[in-house]
Amino acid sequence: MKIIEKIKTNKSIDNQTEIQKICLDKLQSSPLPNPKSEQWRLSNNSKFSDFLDYSVNEIDPKFDIPFPNSSQSTIRLVIGDNCQINLIEKNYSIKQISEHTLVKYIKEQISCFDQNENWSDLLNLALNCTKNTLGLKISGSEIPPIEIFSHASSNSLNAKTLVIFLEKNCDIDLLQVNLGKDNSSLSQSTFFCLEENSSVNHGVVSYGENKSNLLNSLNVIQQKNSEYNLGSLHFKFNYARFEIRIKQSEGNAKTNIKGMQKTKKDEQISTYTKIDFHGPNGFLDQINKSLADDKSHAIFEGSIIVPKIAQKTDASQLSRNLLLSNLAQIDTKPQLEIIADDVKCKHGATISQLNEEELFYMRTRGITLTEASKLQLSSYFQEIISFIPVSKDRWDLLDKLLNEN
Amino acid sequence: MVNENSVKDVVKEPYKYGFVTDIETEKIAKGLNEDVIRLISQKKDEPKYLLDFRLKAFKKWQKMKEPDWAGLGYEQIDYQDIIYYSAPKQKEKISSLDEVDPKLLETFDKLGIPLTEQKKLTNVAVDAVFDSVSIATTFREELAEHGVIFCSISEAVKNHSDLIEKYLGTVVPASDNYFAALNSAVFSDGSFVYIPKGVTCPMDLSSYFRINSGDSGQFERTLIIAEESSSVSYLEGCTAPMFDTNTLHAAVVELIALDDASIKYSTVQNWYAGDEEGIGGIFNFVTKRGKCLGKRSKISWSQVETGSAITWKYPSCLLLGEESVGEFYSVALTNNRQQADTGTKMIHIGPKTKSTIVSKGISAGNSINSYRGLVRMGTKAKGSRNYSQCDSMLIGDQASANTFPYIKSQQPNSEIEHEASTCRISEDQLFYLQSRGIEFEEAVSMMVSGFCRDVFNQLPMEFAAEADKLLALKLEGSVG
Chain X
1 MKIIEKIKTN KSIDNQTEIQ KICLDKLQSS PLPNPKSEQW RLSNNSKFSD
51 FLDYSVNEID PKFDIPFPNS SQSTIRLVIG DNCQINLIEK NYSIKQISEH
101 TLVKYIKEQI SCFDQNENWS DLLNLALNCT KNTLGLKISG SEIPPIEIFS
151 HASSNSLNAK TLVIFLEKNC DIDLLQVNLG KDNSSLSQST FFCLEENSSV
201 NHGVVSYGEN KSNLLNSLNV IQQKNSEYNL GSLHFKFNYA RFEIRIKQSE
251 GNAKTNIKGM QKTKKDEQIS TYTKIDFHGP NGFLDQINKS LADDKSHAIF
301 EGSIIVPKIA QKTDASQLSR NLLLSNLAQI DTKPQLEIIA DDVKCKHGAT
351 ISQLNEEELF YMRTRGITLT EASKLQLSSY FQEIISFIPV SKDRWDLLDK
401 LLNEN
Chain A
1001 MVNENSVKDV VKEPYKYGFV TDIETEKIAK GLNEDVIRLI SQKKDEPKYL
1051 LDFRLKAFKK WQKMKEPDWA GLGYEQIDYQ DIIYYSAPKQ KEKISSLDEV
1101 DPKLLETFDK LGIPLTEQKK LTNVAVDAVF DSVSIATTFR EELAEHGVIF
1151 CSISEAVKNH SDLIEKYLGT VVPASDNYFA ALNSAVFSDG SFVYIPKGVT
1201 CPMDLSSYFR INSGDSGQFE RTLIIAEESS SVSYLEGCTA PMFDTNTLHA
1251 AVVELIALDD ASIKYSTVQN WYAGDEEGIG GIFNFVTKRG KCLGKRSKIS
1301 WSQVETGSAI TWKYPSCLLL GEESVGEFYS VALTNNRQQA DTGTKMIHIG
1351 PKTKSTIVSK GISAGNSINS YRGLVRMGTK AKGSRNYSQC DSMLIGDQAS
1401 ANTFPYIKSQ QPNSEIEHEA STCRISEDQL FYLQSRGIEF EEAVSMMVSG
1451 FCRDVFNQLP MEFAAEADKL LALKLEGSVG
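Residue numbers (this note's numbering), protein chains in the order written: chain X, 1 to 405; chain A, 1001 to 1480.
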């Protein structure tokens, strides 16, 4: 209840948007997610309270993008930073969605929400004001890469929402960067709608600082013949949850996901994915990697749902995990729920440590244990990093991961 | 192209064991309260510690809530509408099988259970449980020569009270779960096996459970203790008549293996599954758990689940001893409106422990077949290893196959591997077999049998034949 009171007292009732009112109403009946539900049972309660503990903040301090934009062709947007865009070029256009369309779309989404499963979205939309919502409608071809930033400010709880409509036959490379500040909480909800024949290479890179927290939720609806490729990386958060919900609304769509979370110290980072096939000939190839060190806890829960209508679905899900310390722990739960009979579905999960034979081989060649471990880890990371689109070299992700303190 | 209807027809097979034995039975009134528990305990002439165990469990059960996490759709069970004790009337003491009611012998004969002398040649010792009580146990003298104790749990309470007091409820505590608590409060009979140090049980031991009354639940309890360096293979089978009401079967099985001991526990479960519309059938809510207490001990569960309206069963292994081994091999076939939520738990506590899980699920009709398993590596399970494989086969587009593996590791120096796949009967393979002159029905049966081969190979000889026959029977029928 505390969080609802906090939102309510934060602003006068008059200023509340229609969406906020709907979400607050929904949250009244479930002020906190059910800790016994599958989606939340492994969540660390005290860390989750830390997330909610900060005061709600709508105003962003000045934000310096960590890396200068060396390439003129990249479009950079910061959510909440009075972000306005209206680009109409010869081959493409990127337009801001009108408030009316945005509200209508979000209301439609909310009507399908499950109180528990979409709790993070409800919180995000209850917290968020129009200023921190970015809605884009993208069409055309030869679109330059796009980078979108969300950030939290110290000692506060910030909420950012991103809605993207990708029109027919359009394809883009999009990198979304979520940056956590020292002692902060960021709630990020993203809604993606891919129309027919569209394709997106979506990268999500989230990294924090000391004691930063993140609730990151991603909702994707794919129409037929669309292709959605997601590469994600989450690290350096005291507490982070990445929820991915993808719905292939008419089937005949392709989804590729390569994600990774890396935990150290006493961090807890979790990834929840739900892939819903609502039509035939759907395709999914998913790999999720976790790496847990020190006293940290990494969690992966992935479900693949194949109803009767989704014949000829081809789905595979793999969870690969490395446990590097005696005090760390890893939970993984890949699940299949299948009714259609003419499908190919499989999943796999492994938990182990670094390969001793490979380490031994490298050491016999004069490479130190530390170096050999780094080499092994870099190949482990590289598979994911290479899948993240847009200027990944500039972000030095591999270096950040290997030399993180 | 496979004709879907023809595959469906193949999996239709009427239940063969649905007859009711017309025998005079002694039943107590329906309902459950402390007095009923005292009455059961009194009828069995039990010592005080056991009555206290029951009453304590009952108190715990009253405070517990029926679990709903498996999402099994069934109507609320009225626990006051169940008879908790039902036994066929017979002479007080039976000194030989000749004194057993011929009707009972005939019943087990019809079920193919070798109780009578001429059938003893099969070299399997049988404990036959009819409703709430054990009717007869064969080969007792021969087993006694080796020091093996094989009797009903009621007899064990009288003759081996020290062992019962020491081990009962140590693997599955009374408060473990809702149905285990209910069983601990009202259990009526079951089997008890004790294999002394260094003894390899000279024959397979077997229990056969038969529910005869439609309104009584069956709550049996099995306890198997394998002392140091001993080994035993135990088989369990079950059937029930066809009633249009649901009957509750809530059993508890506890296995204890000490240093270098090995227990192999095999089940062929063929309770009545209800009719095509899902009316009637047994609710099979069972708690089975083994404790590998000793070093290098081994517990192996193999099961063939073909019956029951709803199965809720997770035979588990607690791997405490160093280098102990847990195994789980399962075939679950569901048809019509059956629901099976089955799997295992492998809890690795000791170092260098190993576990293997092989689960095969076949879903046909409108059934739901789920694998739900937990593999957990504790902080001390250094050098431990697990391998799991779960395959599902779907027949028809109304059946559902789910896989829910929970994997948790807190030990970096351990390895867990899990893989699962879902497939249907391959049209290419069917076509190939048919083009070689093999009938469609036989081809389907061969493919299902091949799909389950990994598990059947683990079953004891007697059971492997029965299981193969059972699946073939379920798959036998008219080809449309």
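Calculated directly from the structure, the hints in this document are not laboratory data. The reader is advised that the hints may include incorrect statements.
Derived EDC-like pairs (lysine to aspartate or glutamate); straight-line CA-CA distance at most 16 Å [unchecked claim]:
1) 1382/A / 38/X
2) 344/X / 1259/A
3) 1408/A / 38/X
4) 1408/A / 293/X
5) 224/X / 167/X
6) 346/X / 293/X
7) 308/X / 1397/A
8) 344/X / 1427/A
9) 36/X / 1419/A
10) 346/X / 1427/A
11) 344/X / 1397/A
All values derive from a computational prediction rather than experimental measurement.
Checked hints:
no., hint, in the structure
1, 1382/A / 38/X, "violated (28 Å)"
2, 344/X / 1259/A, "violated (44 Å)"
3, 1408/A / 38/X, "holds (14 Å)"
4, 1408/A / 293/X, "holds (15 Å)"
5, 224/X / 167/X, "holds (12 Å)"
6, 346/X / 293/X, "violated (29 Å)"
7, 308/X / 1397/A, "holds (6 Å)"
8, 344/X / 1427/A, "holds (14 Å)"
9, 36/X / 1419/A, "violated (26 Å)"
10, 346/X / 1427/A, "violated (19 Å)"
11, 344/X / 1397/A, "holds (14 Å)"
Hints 1, 2, 6, 9 and 10 from the list above are not met by this structure, while the remaining hints are.
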